[in-house]
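Visitor: Respectively, the protein sequence lines represent chains A and B.
For the first sequence, the working numbering gives the first residue as 10, with consecutive numbering after it.
For the second sequence, the working numbering gives the first residue as 79, with consecutive numbering after it.
Simulated from the structure, these hints should not be mistaken for lab results.
Be a bit skeptical, because a hint or two may be false.
Think about it this way: if two alpha-carbon atoms lie no more than 20 Å apart in a straight line, the pair counts; the simulated SDA-like pairs of lysine to any residue are [said to hold, decoys possible]: (1) 99/B / 419/A; (2) 99/B / 197/A; (3) 99/B / 225/A; (4) 359/A / 349/A; (5) 99/B / 426/A; (6) 45/A / 75/A; (7) 317/A / 142/A; (8) 359/A / 116/B; (9) 99/B / 427/A; (10) 99/B / 195/A; (11) 359/A / 142/A; (12) 99/B / 198/A; (13) 99/B / 45/A; (14) 99/B / 422/A; (15) 99/B / 349/A; (16) 99/B / 196/A; (17) 359/A / 115/B.
Chain A side only, calculated, beta carbon under 8 Å to chain B, not exhaustive [stated by the list, open to error]: (18) 246; (19) 381; (20) 383; (21) 387; (22) 391.
C-beta: ideal position from N, C-alpha, C; glycine also.
Read off the chains here:
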Amino acid sequence: MYGAHGTTDLASLAHGSSLGEQLEELRGRSVLLVVKDPAHAALALLELDGVAARLVICPADLRPEQLPAVARTAACDAAVADSAAAVAGVEGIGRCVTVGAEPLPTRVGHAGAQDTEWILLTSGTSGVPKLVRHDLATLTYALGDARREAPPIVWGTFYDIRRYGGLQILLRALLGGSLVSADPGEAILPFLERARAARVTHISGTPSHWRKVLMSGAAATIAPHYVRLSGEIADQPVLDALRAAYPEAVLAHAFASTEAGVAFEVRDGCAGFPAGLLDAPGAETRLTVRDGTLRIRSRGNAHGYLGKDAAGFPRGPDGAIDTGDLIEQRSGRCYFLGRRGGVINVGGLKVYPEEIEAVINAHPWVRMSLVRSRRSPITGAVVIADVVLADGTPGGACPAPEELTRQLLEGCRRSLAAYKVPATIRVVPGLEVSASGKLVRANA
Amino acid sequence: MLVRSTIGSLFEQVAAEQERKLVALTDDTRLIDCGLDSLSFAIIVARLEDHLGVDPFSSAATTDFPVTFGDFVRLYEGIA
Numbered sequence: 010m011y012g013a014h015g016t017t018d019l020a021s022l023a024h025g026s027s028l029g030e031q032l033e034e035l036r037g038r039s040v041l042l043v044v045k046d047p048a049h050a051a052l053a054l055l056e057l058d059g060v061a062a063r064l065v066i067c068p069a070d071l072r073p074e075q076l077p078a079v080a081r082t083a084a085c086d087a088a089v090a091d092s093a094a095a096v097a098g099v100e101g102i103g104r105c106v107t108v109g110a111e112p113l114p115t116r117v118g119h120a121g122a123q124d125t126e127w128i129l130l131t132s133g134t135s136g137v138p139k140l141v142r143h144d145l146a147t148l149t150y151a152l153g154d155a156r157r158e159a160p161p162i163v164w165g166t167f168y169d170i171r172r173y174g175g176l177q178i179l180l181r182a183l184l185g186g187s188l189v190s191a192d193p194g195e196a197i198l199p200f201l202e203r204a205r206a207a208r209v210t211h212i213s214g215t216p217s218h219w220r221k222v223l224m225s226g227a228a229a230t231i232a233p234h235y236v237r238l239s240g241e242i243a244d245q246p247v248l249d250a251l252r253a254a255y256p257e258a259v260l261a262h263a264f265a266s267t268e269a270g271v272a273f274e275v276r277d278g279c280a281g282f283p284a285g286l287l288d289a290p291g292a293e294t295r296l297t298v299r300d301g302t303l304r305i306r307s308r309g310n311a312h313g314y315l316g317k318d319a320a321g322f323p324r325g326p327d328g329a330i331d332t333g334d335l336i337e338q339r340s341g342r343c344y345f346l347g348r349r350g351g352v353i354n355v356g357g358l359k360v361y362p363e364e365i366e367a368v369i370n371a372h373p374w375v376r377m378s379l380v381r382s383r384r385s386p387i388t389g390a391v392v393i394a395d396v397v398l399a400d401g402t403p404g405g406a407c408p409a410p411e412e413l414t415r416q417l418l419e420g421c422r423r424s425l426a427a428y429k430v431p432a433t434i435r436v437v438p439g440l441e442v443s444a445s446g447k448l449v450r451a452n453a
Numbered sequence: 079m080l081v082r083s084t085i086g087s088l089f090e091q092v093a094a095e096q097e098r099k100l101v102a103l104t105d106d107t108r109l110i111d112c113g114l115d116s117l118s119f120a121i122i123v124a125r126l127e128d129h130l131g132v133d134p135f136s137s138a139a140t141t142d143f144p145v146t147f148g149d150f151v152r153l154y155e156g157i158a
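Whenever a hint applies, use it, and build me the whole structure from the sequences.
Guide: Given below as structure tokens:
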């Protein structure tokens, strides 16, 4: 595994251990994994499977203040972390093992191996992550196709290997190959340079990652055989631009979600997917559209959410997971329109409009607001807001529209992550409210 | 010229909002080197759509993504 700070031989685990004899102390526990370096995290994951009862995999961008809630929900009683300080404020952690060193030449028996639950995090409303229950069987469900690839395969990924999409690539690389993983916060040119040096053959990212590569002017740094897009809607312009940049490569766009798992991969270079994949008789992965959204049932489906979100797991009575992705069928092809419920996907990151509206509505001159998605050729979507002014004179004269917009943007920047701050804010005379008193949210 | 100055001032405005250091822009400045990130570009494109009423990226004729600031301006000058 090629990291930004060195190379790690994952096969060394066959005769060594990165956790050493401390691994035994984690047996049967619910382990919080807070490790920044992707290679160290990968080593710890491989060792803990079959030993820990539960592995809670924290992505690199999880904010430290969210750790206590995550640990509480997953009843974590141990941690594997870069340092004890990383989990110092987290209650219930009885044992903390630190990582960082190369595998030690200690032989550790895996006797009495147990089924380990793998917990992956996904974004939830109001910014609190949801904890999604998987195990090695659900996570490796979609790897059948990867086993048929001819070696030597060198994978590259822009994803964090601690999120569903990146973990899929790590697991593929483990089947026989190597992996160049992007470091959290690593710029595009150094990553492409590392990918070139390692002779990456297969590479995966979101359409937004790929647009960044295309706009860098450095797409030709790498010459992959296989280019994969997932995590967002792959539109025709990005597919066409990648086809032009890598004319020899297999160009594949895949659909996967943390809850539903991997559903399909399309290799024809056209946006959307063939309608023939829907309700295909005898298919291992059953895709169907009901009430306008894509439903997926397969052995790759997650088992559910942990904690108070459990009742909200989107599994229907037929056992299929509702992805919440709206589908339109045109001439034998299914196209993604966006998300039901208004969830906005900005460069692969989920944004819940209500969280932003709450911040905007806190301004004394705002009566109500509607946050919605606008298509973006750069990040897939951006957040925009329509604002209705309050009646009367709360605290003096209403600022001019430009000044009000400036104040609202400043307020959003103060309390929200950058990708959640609206790109534009418009003052509108009114917003449509339904008979039940709810804001009418246009889909997509 | 109007398009160019609109774009130039939007680059500065968004850089200030995102607390990013913008380099002096010339036609040859590579977008990747100008100091802005993807989110900044997404914001600029969204605001340009409000100002100019066009999004040249979504027109069928565009398959080349702009690499330099000059490419970016020409993309808008071509249709505005």
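Visitor: Looking back at the numbered hints, which does the structure fail to meet, lowest number first?
Guide: The structure conflicts with hints 13, 15, 19, although it agrees with all the remaining ones.
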